[in-house]
Amino acid sequence: MDFILPLVDALSYILILVLIALGLMIVFGMMGVINMAHGELFMIGAYVMVVCQNSGLPFLAGLIIAPLFVGLLGLIIESLLIRHIYLRPLDTILATWGLSIALKQLIVLWFGPESQSIASPVDSMVTLGTFSYPAYRLLVMGAAILLIGGTFWTFLKTDFGLQARAVIARPDTAATLGINTRHLYRWSFVIGTALAGLAGALIAPTISVDPQMGLGYLIPGFLSILVGGAGPLAGVLAGGAAVGGTNSLLTVWISPVAAQIAVFLLAILVIRMRPEGLLGGKK
Amino acid sequence: MLEISNLQAGYNEAMVLHDFSLIIESGKVTALMGRNGMGKTTLLKSIMGLLPLASGRISLDGQPLQGLETHKISQAGVGYVPQGREVFEDFTVYENLRLAALGSDIGSLEMLPQIFNWFPILEKRLSQKAGTFSGGQQQILAIARALITRPKILLLDEPTEGIQPSIVHEIGVKLAEISTQTGLTILLVEQNVDMVKTMADDIAFIENGALMEQCSKQILLENDALLHRYLSL
Amino acid sequence: MRHLLPVILLGSLFAIAPLFLSDYWISQLSIYLIYGLLALSLSLVWGYGGILCFGQAVFFGIGAYVMAVMTKGMILPGLTHTFIGLIAAVTASVLFAIALGYFLFAGKGISGPYLAIVTLAIAIVLERLMSNWYALGGYNGLLDIPPMNIGLFGFDFELWDSIPIFYTLLIVVFVIFLGLSILTRSSYGMLLTALKTHPERLAFFGFSVLQLRLSVFALSAGIAGFAGALFVTVDGFASPTLIGFTLSTEILIWVALGGKEMLMAAFLGAIATRFAESWLSEIFGDYWILALGLAFMASVVLLPKGLIATPLSALAKKLKIRL
Numbered sequence: 001m002d003f004i005l006p007l008v009d010a011l012s013y014i015l016i017l018v019l020i021a022l023g024l025m026i027v028f029g030m031m032g033v034i035n036m037a038h039g040e041l042f043m044i045g046a047y048v049m050v051v052c053q054n055s056g057l058p059f060l061a062g063l064i065i066a067p068l069f070v071g072l073l074g075l076i077i078e079s080l081l082i083r084h085i086y087l088r089p090l091d092t093i094l095a096t097w098g099l100s101i102a103l104k105q106l107i108v109l110w111f112g113p114e115s116q117s118i119a120s121p122v123d124s125m126v127t128l129g130t131f132s133y134p135a136y137r138l139l140v141m142g143a144a145i146l147l148i149g150g151t152f153w154t155f156l157k158t159d160f161g162l163q164a165r166a167v168i169a170r171p172d173t174a175a176t177l178g179i180n181t182r183h184l185y186r187w188s189f190v191i192g193t194a195l196a197g198l199a200g201a202l203i204a205p206t207i208s209v210d211p212q213m214g215l216g217y218l219i220p221g222f223l224s225i226l227v228g229g230a231g232p233l234a235g236v237l238a239g240g241a242a243v244g245g246t247n248s249l250l251t252v253w254i255s256p257v258a259a260q261i262a263v264f265l266l267a268i269l270v271i272r273m274r275p276e277g278l279l280g281g282k283k
Numbered sequence: 001m002l003e004i005s006n007l008q009a010g011y012n013e014a015m016v017l018h019d020f021s022l023i024i025e026s027g028k029v030t031a032l033m034g035r036n037g038m039g040k041t042t043l044l045k046s047i048m049g050l051l052p053l054a055s056g057r058i059s060l061d062g063q064p065l066q067g068l069e070t071h072k073i074s075q076a077g078v079g080y081v082p083q084g085r086e087v088f089e090d091f092t093v094y095e096n097l098r099l100a101a102l103g104s105d106i107g108s109l110e111m112l113p114q115i116f117n118w119f120p121i122l123e124k125r126l127s128q129k130a131g132t133f134s135g136g137q138q139q140i141l142a143i144a145r146a147l148i149t150r151p152k153i154l155l156l157d158e159p160t161e162g163i164q165p166s167i168v169h170e171i172g173v174k175l176a177e178i179s180t181q182t183g184l185t186i187l188l189v190e191q192n193v194d195m196v197k198t199m200a201d202d203i204a205f206i207e208n209g210a211l212m213e214q215c216s217k218q219i220l221l222e223n224d225a226l227l228h229r230y231l232s233l
Numbered sequence: 001m002r003h004l005l006p007v008i009l010l011g012s013l014f015a016i017a018p019l020f021l022s023d024y025w026i027s028q029l030s031i032y033l034i035y036g037l038l039a040l041s042l043s044l045v046w047g048y049g050g051i052l053c054f055g056q057a058v059f060f061g062i063g064a065y066v067m068a069v070m071t072k073g074m075i076l077p078g079l080t081h082t083f084i085g086l087i088a089a090v091t092a093s094v095l096f097a098i099a100l101g102y103f104l105f106a107g108k109g110i111s112g113p114y115l116a117i118v119t120l121a122i123a124i125v126l127e128r129l130m131s132n133w134y135a136l137g138g139y140n141g142l143l144d145i146p147p148m149n150i151g152l153f154g155f156d157f158e159l160w161d162s163i164p165i166f167y168t169l170l171i172v173v174f175v176i177f178l179g180l181s182i183l184t185r186s187s188y189g190m191l192l193t194a195l196k197t198h199p200e201r202l203a204f205f206g207f208s209v210l211q212l213r214l215s216v217f218a219l220s221a222g223i224a225g226f227a228g229a230l231f232v233t234v235d236g237f238a239s240p241t242l243i244g245f246t247l248s249t250e251i252l253i254w255v256a257l258g259g260k261e262m263l264m265a266a267f268l269g270a271i272a273t274r275f276a277e278s279w280l281s282e283i284f285g286d287y288w289i290l291a292l293g294l295a296f297m298a299s300v301v302l303l304p305k306g307l308i309a310t311p312l313s314a315l316a317k318k319l320k321i322r323l
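Residue numbers (this note's numbering), protein chains in the order written: chain A, 1 to 283; chain B, 1 to 233; chain C, 1 to 323.
The reader is advised that the hints may include incorrect statements.
[What the hints assert, rightly or not] Straight-line distance between alpha carbons at most 25 Å, and here's what the computed SDA-like set of lysine to any residue pairs gives:
| no. | chain 1 | residue 1 | chain 2 | residue 2 |
| --- | --- | --- | --- | --- |
| 1 | C | Lys-108 | A | Leu-278 |
| 2 | B | Lys-129 | A | Leu-279 |
| 3 | A | Lys-157 | B | Met-111 |
| 4 | C | Lys-108 | A | Ala-238 |
[As the list claims (entries may be wrong)] Which bits of chain C does chain A cover? Going by a derived footprint, with three or more residues having C-beta under 8 Å, they are:
| no. | stretch |
| --- | --- |
| 5 | 110-116 |
| 6 | 299-308 |
If you are wondering where the hints come from, they were derived from the structure by calculation, not from laboratory data. Heads up, the beta-carbon is just placed ideally off N, CA and C, and yes, glycines get one too.
Bound-form chain A, shown alone (with noise of 0.2 Å):
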């Protein structure tokens, strides 16, 4: 049986890069907005957590407290920073890639360039037969599905959805029909921030907090945009499960070095294959 473990594994790490990429995805997809300071956002939401348990708040408390500070600095963000900067998505790479450098440089200062633990609210096991998993990291799992099909819903099943759909197809043509393109790409931007500091919240207590962990998300994330295809949601779904589970499976029967220059270069020769990814369609 020594071969579900890794698969276990496997698909939790697809979940959380699922989680971080959606974020991504809405902002890249609805904006040709590259935001580099995504997995600073991730970050934050963890550190949210640290505060919330420094600070003696409930476990909880703080799964609330995160998306919403993170979503009301990607509200700011977005209006100090993004809409000033729409129309040249170049532009926003390096913008944004400034922004990280200073969120990380924050948390530096505040917290010191250390590690940060956050204690799981649950310690318990579940084990069937004979194997056995931490009981929070299959919540989080459960978590993740539950966030990952709540998003795809709001997006293909609500009105704020079909704007923000129709925005994404012809930008132009939707603000002739009355549709306010402004309003949704700031909505849009912060469902998805809020999206990256829940995450951040949910797996803290199951990795070690520091400054320097967004980027270790961040290119992942990305290449399964790339690799999943940057037009239909379904595309981050794909490309999450190629990334995330070549990457966990080799970092198993491999090494974790060799496994992620291999996955990236895998992604690389994918993009270069298939621009349009594995699920794109003839755009």
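Since the structure of chain A is provided, determine the placement of chains B and C on it from the hints.
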């Protein structure tokens, strides 16, 4: 009444409209005719706020429109059917209509029965993807999508382009009927003379970004010289 | 030749700088010159060629490692001369750039944001690779790289002191700077401008867009590799950080802050940023990085042409020269 006065607009430094002025009477269908590249589409895009104005004023029933964001212009009562229809191919007919309703002031689908009354085909194919429609059917959807917001004025950019002639006539008759029935003002940009003769009350001719002549349809019917001069027909 | 005057003037300023500087600052300035050269290489490919390369340090690092391996005699113990090392370093960077460029740009190719992400990923991959390539020192890198030896035909003339190192670098860097200034104003420079703005029209006029992209990518990589090779002779040390992600993004910040579309601004951007870093980080400590991030962000939004290029081009307009 849509009043356009002394409009200058274009792309970057290249101005397409030069001192363009036009008045469109309420409840009437005005057709704007002219050769390609004379500024017809630029005019409609400028009215919709899709192109920035260099100078000039636009007002609808006395309310100034210039400088407003596109969605505000739409909500002020300007319906727009763009060139090439631009329906959302991945959306169903219902989603296309629902989207327009969401953007309008009404925010509801109370116009839907009326729309189905005018265009029964949409009711039959409500859950079909717009991308599977023929050009003519997409045009009907694009018009319905604009009408569902109950506009005061409807801007139509070459609705007959790439559509089979039988449907062209049908659309023309239907739009004329809707205008008479509801008092809807229409600005029709068109090169198809039959369509103009079917629908229009007034005709305006544009050349090199300026209004050359405005007359009633009667004059056009009696006199081919105008068509010859402005459309080389 | 009028447009070369500012470059010559800047070079003369550098040439008299040692009169007023301590030994420490002269060595610092030598390193800055190399970073300035690296910035020129990115300005060429990004500002002039329109290729946003998020992994410029890759070529710098390749140059550095090849130089280290050659001059330490790790492969060919008989051929350890500086000049041979430099030739090998530049050749390696150029070949890698051609191979990578062909892979990235041929056919439909990758461009825009995709290219940025892909080149960033490549920098990360290579940094990981070098950190774990134990024959090349792994994480610790290669130490004791010999200094520059500019003697020929059996005569050795090794540069150990800061003053000769500085002037050698000054000459080399400014010769390349002048060469690039001439090149970007030649017909090749006009082709690059066309490549950046209207690549489809270039193809229409019978120019190969791919060849042009490859040429500017390879030239830029060669200069970056050359800078990397010079760097290790001065620093004596090649480590995975030279090839990686952090340095790549730092170069990007220098060039963007200075002004990517003006060689002079990119060059000064690198030198000013490095200088500010060693000066301000002593005063402000960790707040310096925060300030750098914020300044970078603000300059991208408010002065997309660059903090240095904007006033410089205004000045140049007044003096009626083209920079």
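Going through the hints against the structure:
no., hint, in the structure
1, C:Lys-108 x A:Leu-278, "16 Å, holds"
2, B:Lys-129 x A:Leu-279, "20 Å, holds"
3, A:Lys-157 x B:Met-111, "22 Å, holds"
4, C:Lys-108 x A:Ala-238, "23 Å, holds"
5, 110-116, "holds (count 5)"
6, 299-308, "holds (count 3)"
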